[in-house]
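Enquirer: Assemble the dimeric complex from its two separately framed chains, guided by the hints.
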Amino acid sequence: MKYVILATLGFLAAPLAAQNQDLGQPVPEGGEVETVDGGEGLTGSVSFEGNLDDLGIAIPGFATDADVPTPANSSGTAALGKELARVITADLRNNGLFKPTGPDALPQPRFAEITAPNYPTWSNRGAEMLVHGYVRARSDDKLTVGCYLYDMALEQQLVREGWVVQPADWRRAAHKCADLIYSRLSGESPFFDSRIAYIAETGPKDNRTKRLAIMDSDGANHRFITTGRSTALTPRYSPDYKKLSYLSYVDGNPRIYVYDIGTGRQTLVTQSTNPTFAPRWSPDGRWILYSMAVNGNTDIYRVPSTGGEPRRLTDTPGIDIGGSYSPDGSRIVFESDRSGSQQCYVMDADGTNQRRISFFGGRCATPEWSPRGDQIAFTNASTFNVSVMTPSGGSVRTLTRGWQDEAPTWAPNGRIIQFFRTERNSGKTGLWQVDLTGENERRLATPVDGSDPAWGPILP
Amino acid sequence: MNTRIATGLMLASTIALGACAKKAPEELPPPPVETATPTPTAPTGPSVGTQQHFVDAVGVTNTTVYFDTDRYNIDAEDSAKLQVQGQYFSQYPQLNFTIEGHADERGTREYNLALGERRANAAKNYLVSIGIPANRIRTVSYGKERPVALGSSESAWAQNRRAATIVIN
Chain A
1274 MKYVILATLG FLAAPLAAQN QDLGQPVPEG GEVETVDGGE GLTGSVSFEG NLDDLGIAIP
1334 GFATDADVPT PANSSGTAAL GKELARVITA DLRNNGLFKP TGPDALPQPR FAEITAPNYP
1394 TWSNRGAEML VHGYVRARSD DKLTVGCYLY DMALEQQLVR EGWVVQPADW RRAAHKCADL
1454 IYSRLSGESP FFDSRIAYIA ETGPKDNRTK RLAIMDSDGA NHRFITTGRS TALTPRYSPD
1514 YKKLSYLSYV DGNPRIYVYD IGTGRQTLVT QSTNPTFAPR WSPDGRWILY SMAVNGNTDI
1574 YRVPSTGGEP RRLTDTPGID IGGSYSPDGS RIVFESDRSG SQQCYVMDAD GTNQRRISFF
1634 GGRCATPEWS PRGDQIAFTN ASTFNVSVMT PSGGSVRTLT RGWQDEAPTW APNGRIIQFF
1694 RTERNSGKTG LWQVDLTGEN ERRLATPVDG SDPAWGPILP
Chain B
7 MNTRIATGLM LASTIALGAC AKKAPEELPP PPVETATPTP TAPTGPSVGT QQHFVDAVGV
67 TNTTVYFDTD RYNIDAEDSA KLQVQGQYFS QYPQLNFTIE GHADERGTRE YNLALGERRA
127 NAAKNYLVSI GIPANRIRTV SYGKERPVAL GSSESAWAQN RRAATIVIN
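Sequence order for the protein chains is A and B. Position one of the first sequence corresponds to residue 1274 (my numbering), numbered consecutively onward. Position one of the second sequence corresponds to residue 7 (my numbering), numbered consecutively onward.
What the hints contain is simulated information worked out from the structure, not anything from laboratory work. What you are looking at is a predicted structure, and each value in this text was computed from that prediction instead of being measured. A virtual CB, placed ideally from N, CA and C, is assigned to each residue, including glycine. Treat the hints loosely; a few may be bogus.
To be verified - Derived Cβ-Cβ restraints for the label pairs, each shown as a range:
(1) Ser-1603(A) - Pro-139(B): 43 to 51 Å
(2) Ser-1462(A) - Ala-164(B): 28 to 36 Å
(3) Val-1567(A) - Val-154(B): 24 to 32 Å
(4) Gln-57(B) - Gly-1667(A): 22 to 30 Å
(5) Ser-159(B) - Ser-1614(A): 16 to 24 Å
(6) Gln-57(B) - Ser-1459(A): 43 to 51 Å
The following block holds chain B by itself, in its conformation from the complex (with noise of 0.2 Å):
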């Protein structure tokens, strides 16, 4: 088990730094610490457990994986962006999070939960591969219930068909 997160942390953080060569290099072999969060630490930022300083920490497109039309597969994509999150909440090991599974309206209303359950858990799937423990993470479906995409276009429904993740705590 330990190796396997091992593996995970080394994985993720390759990634991360392939994906953000700005992010402050880390030693491998020891658990993250604090003062290795790229994230600077000014007294008026938003405070660790606050989906804010998820977002600052990880950036805004990596908080939100896509999918296509009935699909529910972690494209190299999403993976990449999982890899940063799997980086952020390892680093930070005393967070618990959502992953929330969504459809876009083009889909009947009961399939469209199922389906949302199904992507928000491919995503979880993937973060506890990548050493993130399981009981740390929960999903929820949403459905078509809830857009962020207001219109009835091919892009709009892009948008929606999405797993997201949210800190909470």
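With the rest of the complex left out, here is chain A (with noise of 0.2 Å):
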């Protein structure tokens, strides 16, 4: 059934897309993922009081009430649970968050014991907390996922909350189970259930073929949406994940376009000969941001993202480009060089109000507004590090210390910045994860290069 409907909007996009020389093909979008059975177990108390670096996870494979087979795993459901437990584990690990301890180094539980752990087996691992779940094959090939969490020492279950997910959503269902302990134990907004689009980048330096693309929030589920025939940059999600703003070079001038993820199909932000740049959604939505330089000089535009009139929203001699909304939409911090050199300024949505807010010697490029609204994360363009600082400019903090770092995005929870790495002379490039304390970085594994993260919102 599925296949069939994939196939129909195949045949529908191709006619479009072949207006484009340089999309791929259509990528189909992900099914629904609805709650089944949640916000329990929200008032226990934790018992653990320390660093959560050092809180022990025990997380063994999911259980199933029949091992039958799954397109979502060859294997069936059964092998299906042990991987929904790694993507927990190594979600939990890899953001350097808890010592989880993965399903290949712990017994495996029976169905029966999701929902009353047999404590004393897990009572000597070193784990002073317990995740159990299962997944559940439907009649209609949809699965179900229940994930609890249980405190040790309490001996008491602290949340649970269960999921239906089409099979080929199956790790959306993973991401979601890490969320809800994530938030559960550090009382943060959840991250995982996310999708970055970046450029993949191969090739020499003075030759390097970009490409757009999209995966989860862990690298899983890439896919390349151009093919590398023209160079594509500085892509960004709209918040419904729908659509897809980026450079390209498709008709020979850098120009930005507006690609609909779930047609295939893609048209000009603007109707103008003029070059474009810098792509930016409002968090509802409902406008996009570009720059355009008119004879040379480039301002800052905004125009409805179903099309319309665009209003200009800056008018100075200098270079005015980027921005990024406060999360309640009302502001916009971009990059302006009116000064002399690249510094950072805050107007309201409108456009009135411009006033610079970086003041702290060096130049102040590519900021965008964290999703919390209580810090602004930016390129520090004489140094090239990623930095932070506060909507008024102050308490600026040095993040990252590569040859050349540039271009964060946020984590949907404000917690975790993106960015990517430029090697000196190679000019090979890699998209790298920072903390906010700076302590925890990390490098996200792509299949090549890449560069421009973006990082979307939660999923809907």
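Expert: See below:
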């Protein structure tokens, strides 16, 4: 049934995609994730009082009521249960959170134990927390995945939730479980169930192929959107994940396109022969910012995402470019060299009240407002380090020390910043993550070199 | 308008003569004609409308102007080069051409795209000021995406901060 739907989509999209010579096959949209059980146990207290980095969590394989075939795993639902636990373990471990132990080093609980853990089995494994879960194949091929978090010292359930997912979306259930655990234990908002758009780079420094690509927050489900025949740069997901705006040289000039992921169709952000750069979405998805050069002078414009008359927001002889909305959509932080060097400015969303906020002594570029609203991440374009400051420009802190780090993008919960790092001489690039302390830095594995990461919000 | 073009041509010719004394002398008032071209029109040579013809005619160093970090102003050396280019494009009014603006790698990607566009326009504006019609000149910025010098050194960066004129037809 699903195959038929996909084939139809492909058929519809083919003639449209042919207009743009650089788009690959349309990407099928993910299914809905239905939450079937949750919200209970939130009142229970957590016994552990210490650094969350030291919190041991045992994550054995998820149990299944009956080991049956599923499109999600060629070996059946029992094997899928182990995979779910592995994805959760990797999420928590790779982000430097907690001390998770995965299913490969633990016994496998039975289905009946998921709601009634056999605590003595787990008590000598150095884990303060225990995760149990199950996976069940439904008659319609969908999967029900349940996720339970238990406090070992209290022998008490802390939280539980369940989801119904399409077989192709089974990893989303694992990310949702990781989010549930992370949120319950840290008090922070979730971020694992999200996606990243970025530019995949291959080839020598003077002839780099740059393709638009997307992946899950952990790098899985990687897909190329463009073929690489023309250079693609600076993608941004729409907040609902239905569209991608990005720069392409597909007609020989740098222009911003809005690509509809479901249909494979794309349109120019504005009908103009002028070059356009730096696409950005408003948090509610109603507006797109873009920057346009007219006779060499670049200014920031705003256009309704459904189309319509653009409005020019900046009007100076300098380069005004980029822009990132505050979470409430009322203000925009952007970059301008009107003072003589790149600096960060804030304006109201209609372009009024423009004022410079960066005075730390270096060049301020690519500002990005945190989804929490309390910080602005930016590139220090004098030293090429990713830094943060308050929305008024205070408390500047440098988080990274690469040779050239730039283009920060926030995790949906505003706790992790992703950016790209360029190596001296070779020009090789990679995606990196750093937390707000600057202490936990790691490279995100991508199939080829990567740049211009753009982290989307929590999936709807 | 005609006066402005004529002035531009005079200026361009004067400078070109100063810079390259071996070029065939030109009469100032009449528009340049094919026979005044210094390029030997050997049957095997590159034909008008190719990049090679342009390079051979103006000299490879005159095809590209260079900029200081974050700057886009046309200095004396740049204007001398652009005047040689202007003379060439006055001689071949049928040619349209592109100015590619570039930046070095030590800048953020989006800013460099805007900076390259500004540099390409600075070169274009100079050519327009000496009489080349604006509608013959296309500009395109590649930001830091297309370096010619591949190292990460001051000298490499200096070579990459450029506006390069490319003949297309």
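Enquirer: Of the numbered hints stated earlier in the document, which are not met by this structure?
Expert: As far as the earlier hints go, 2, 4 and 6 are violated by this structure, in ascending order.
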